[in-house]
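Given chain A, work out where chains B and C should sit, using these hints.
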Amino acid sequence: MVPTAYYLVLAAMLFSIGIAAFLIKRNVITIFISIELMLNAVNLTFVAFAHMWHQVSGQIFVFFVMVVAAAEAAVGLAIIISIYRTRQTMNVDELDLMKS
Amino acid sequence: MQLALFIIFGALALGGALNLLFQRHPIHSALSLVVVMMSLAVLYWSLGAEFLAAAQVIVYSGAIMVLFIFVIMLLNAGKEERTKGSRAAYAVGIPGAAAIFCLLSFVFLSERGALKSSNIGGDLGNGLDNIAEVSAMLFTRQLLPFEVTSILILVAILGAVVLARKEQ
Amino acid sequence: MNPMPASTIWFIPLLPFAGFLINGTLGRRLPRAVVSAVALLFTAAPAAIVAWLWVTMRAVGAPDAIEVVNRPWIAISGFHANFAFTVDRLTLIMLAVVTGVGFLIHIYSVGYMAHEEGYWRFFAYLNLFMFFMLVLVLAANFLLLFVGWEGVGLCSYLLIGFYFKKKSAADAGKKAFIVNRIGDFGFLLAMFLLIVHFDNLDFSQIFATIAQNPQWQAQGAHFLPAICLLLLLGAAGKSAQIPLYIWLPDAMEGPTPVSALIHAATMVTAGVYMVARCHVLFNSSPLALSVVAIIGAATAIFAASIGMVQHDIKRVLAYSTISQLGYMFMACGVGAYAAGIFHLLTHAFFKALLFLAAGSVVHALSGEQDMRKMGGLRTRTPTTFWCMSAGVFAIAGIPPFAGFFSKDEILYRTFTSPNPLHIALWLVGLLTAGMTSFYMFRLWFKTFFGEPRVDPHASAHHSIHESPWFMLLPLVVLALLSVVGGWVGVPAAMFGSNHIERFLDPVFTNGTAAEAVAATTGHALELVLTLVSVLVAVAGFTIAYVFYYEKPGTADALAERNSRAYAVVKNKYWVDEFYNAFLITPLLMFTRGILEIVVERGVVNGSGQAAGAATRGLAWIERKQISGNIRSYAGWLAIGAAAVIAVMIFGSSMWGTR
Chain A
1 MVPTAYYLVL
11 AAMLFSIGIA
21 AFLIKRNVIT
31 IFISIELMLN
41 AVNLTFVAFA
51 HMWHQVSGQI
61 FVFFVMVVAA
71 AEAAVGLAII
81 ISIYRTRQTM
91 NVDELDLMKS
Chain B
1 MQLALFIIFG
11 ALALGGALNL
21 LFQRHPIHSA
31 LSLVVVMMSL
41 AVLYWSLGAE
51 FLAAAQVIVY
61 SGAIMVLFIF
71 VIMLLNAGKE
81 ERTKGSRAAY
91 AVGIPGAAAI
101 FCLLSFVFLS
111 ERGALKSSNI
121 GGDLGNGLDN
131 IAEVSAMLFT
141 RQLLPFEVTS
151 ILILVAILGA
161 VVLARKEQ
Chain C
1 MNPMPASTIW
11 FIPLLPFAGF
21 LINGTLGRRL
31 PRAVVSAVAL
41 LFTAAPAAIV
51 AWLWVTMRAV
61 GAPDAIEVVN
71 RPWIAISGFH
81 ANFAFTVDRL
91 TLIMLAVVTG
101 VGFLIHIYSV
111 GYMAHEEGYW
121 RFFAYLNLFM
131 FFMLVLVLAA
141 NFLLLFVGWE
151 GVGLCSYLLI
161 GFYFKKKSAA
171 DAGKKAFIVN
181 RIGDFGFLLA
191 MFLLIVHFDN
201 LDFSQIFATI
211 AQNPQWQAQG
221 AHFLPAICLL
231 LLLGAAGKSA
241 QIPLYIWLPD
251 AMEGPTPVSA
261 LIHAATMVTA
271 GVYMVARCHV
281 LFNSSPLALS
291 VVAIIGAATA
301 IFAASIGMVQ
311 HDIKRVLAYS
321 TISQLGYMFM
331 ACGVGAYAAG
341 IFHLLTHAFF
351 KALLFLAAGS
361 VVHALSGEQD
371 MRKMGGLRTR
381 TPTTFWCMSA
391 GVFAIAGIPP
401 FAGFFSKDEI
411 LYRTFTSPNP
421 LHIALWLVGL
431 LTAGMTSFYM
441 FRLWFKTFFG
451 EPRVDPHASA
461 HHSIHESPWF
471 MLLPLVVLAL
481 LSVVGGWVGV
491 PAAMFGSNHI
501 ERFLDPVFTN
511 GTAAEAVAAT
521 TGHALELVLT
531 LVSVLVAVAG
541 FTIAYVFYYE
551 KPGTADALAE
561 RNSRAYAVVK
571 NKYWVDEFYN
581 AFLITPLLMF
591 TRGILEIVVE
601 RGVVNGSGQA
611 AGAATRGLAW
621 IERKQISGNI
631 RSYAGWLAIG
641 AAAVIAVMIF
651 GSSMWGTR
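Residue numbers (our numbering), protein chains in the order written: chain A, 1 to 100; chain B, 1 to 168; chain C, 1 to 658.
Bear in mind the hints are in silico, worked out from the structure with no lab data behind them. From the three backbone atoms N, C-alpha and C, an ideal C-beta is built for every residue, glycine too. Take every hint as true, because none was put in to throw you off.
Between beta-carbon pairs, the in silico distance windows are:
id	chain 1	residue 1	chain 2	residue 2	range
1	B	Phe22	C	Ala646	25 to 31 Å
2	C	Ala611	B	Ala91	26 to 32 Å
3	B	Leu5	C	Ile649	29 to 35 Å
4	B	Tyr90	A	Thr89	20 to 26 Å
5	B	Asn76	C	Ile649	41 to 47 Å
6	B	Leu3	A	Asp96	46 to 52 Å
Which stretches of chain C does chain A cover? Using the computed rule of at least three CB atoms under 8 Å from a CB of chain A, they are:
id	segment
7	623-629
8	632-640
Partial list, computed: chain B residues near chain C (C-beta under 8 Å):
id	residue
9	Ala88
10	Ala89
11	Val92
12	Ala97
The shape of chain A in the complex, shown without the other chains:
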């Protein structure tokens, strides 16, 4: 009999760790990985609420999130490959063409 709040707090923890990783890491792939972590945290929230309110739409939403995350991961990694090919770097600090 775990209170739903505990699941939600766990999800919040995972989410903030994901943000922290996003901010701290320099490798662009690791940043992507942290994004995936954030998405997973959100998925956990949805599933917890779906369970709490006995509705299946929360789980449907998680399904769609997974699909979109897959697509996004594919395209993003392709972009990273392309960047690596042109700029020979995976350090996100060196990708600053928009600097004013």
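Relative to the frame of chain A, chains B and C by itself:
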């Protein structure tokens, strides 16, 4: 028992996330994420979402994370150096992240009463099992989004192919 | 026989206003003859209506007062003010003065301003002045009177500064307007107090309320003297009494017809009219009446002393006006309102005459105004000489001319008034009468007699000639009036039946009746006092004769022997300099300090610079933020997300959606 399950696999998930944060090689971070996903799958199962638990293992950690590892190995990403990056990220971002965590947990914990309790593996109360329910919703009411996602995946494949192609 | 006087009364002020509109808008393009015709017509018509009004209201069975109300002006709960005119006997006299003398002066101006540019502007302003002055005398409540009050001040400014290209004229106009404004401030405060205590600004209502509450005077209610003193401040500004008389001598920068009309006959008498109209109010406060009398007497002698040593012919007349207005105030201050109005009437005649004749003299000498450069004009401009003589004799108080009767009435009533200072006031009045006689005859001798001291350059340009008949006709009419005008007020002691006093009795029924006083003191006292004042006037004449005709140069010798006293009087007691140093300069420094330093530099410039600096600062922040670094963007995202979550959690309690 659910409590024990929750604590073990919750701690595992947290540990994996922290490991992701503190490891320097991207491959270690990716593998930590796989651990996180597996633990989350167990948590999904404990919340009665069996289909999602399976999908998490098969799709998320089995396909997406494998893709990540392929790319890491393809690009031969090495250990990260400690270069000076952006000050704003640390100065503003870490407090922001901490603030988000504090706010969210404040809300969740203060609404503990309204959020009720979970019972392990409980179904959604319709007598059907989880897969039947999910598919009933997915193929009837959410049919259009379902079909659109297949097109989305098609587009993603095409995009990935185009973007990652070697220049002639 | 009696066709609707009510609606015709509205035409009295509106016709000059129409003249102003026509001359003001089209006058520039119209030929001078048309402009003159318009102005004269729209001034003659009200004069005709007033004459007809006199006939109807003097007829048997006519009402004592007519009140016409057109439409309400302010109608809110607790306070009403209407556009309402009232015509009673006091109004009739004032109307006659304003329209009659005004019409004559309009005729005079046609000749005087014939060679000036801005002809149409002059007549437009004159007509506008007539409109406002008529509104002032016809008004049935304080608010409408104040409209006229302010309007005549405006016209005075416009007309004094008529030669606006001359700096001294523009400055004089400003000075007149500003000093008037100070008086108007007092008037406004008095109106506010009236609203507070009476909920009303109608004359009839307020006076009825005061009459019904005699206990206010017995209990010493403070608001009544306060209202009266504030009204007196307004009157002092408008009628050039101490301490606000300083604008009138400078107002001589305007054309002479303006000085005659506005600063002799009509506008400056508005203060006296107002005090007379509010006699019920003033009677309820003996303190205020004493103050009025004291100020009147003090102004009279003060101005007369300055007028004795002036060299500009118009300045002498200006100070003489201030002095005579002091007489009128003194009369009202001792309760002799009818005598004050009588003097107002005769003063209008002879002062306007004096100014117009002076204008004729100046015109003859092609602009020379310094009396030291005049002389011997008796033979060169005879008509002007005879007319001016009538005026001089009238103002000096020589019987049987007009000024004698009115001035004498004032002196007699002052002597016999119950005011504790009556002897002192009478003495001051007597002395002033002597000084008046002296300086007026000084003017007379210096201008018309003796060897011509005229500057040869000036006369070569344009030989000394009599004025055209346009200018002489009003002079002759006014001279006749100066001779016979006093005969309406011959007191019982001299076998007359004081017409004007009894004419105004229904208006001033609260004032001490002259008949009652005469019954107690008898005619002998009056005759003795009359004799004394005539002797004083003759003494003034004699001194002037000796100084300026027989032995010219005596005055200069006397001035040199008492050089310090002479310097004081010559410099007008340094009042202007005193005001400048102690009031104007600190005020200017203070306001310039605030406006220039605080407002101009601080607020206006500062806000512009602050806007620029703020924009620059924001841009600097933004430039720092847009670094091209993904991680810094992520950092800002995180903090932004935290902010949004915080607002959503805690803000909804503020919006009430929880």
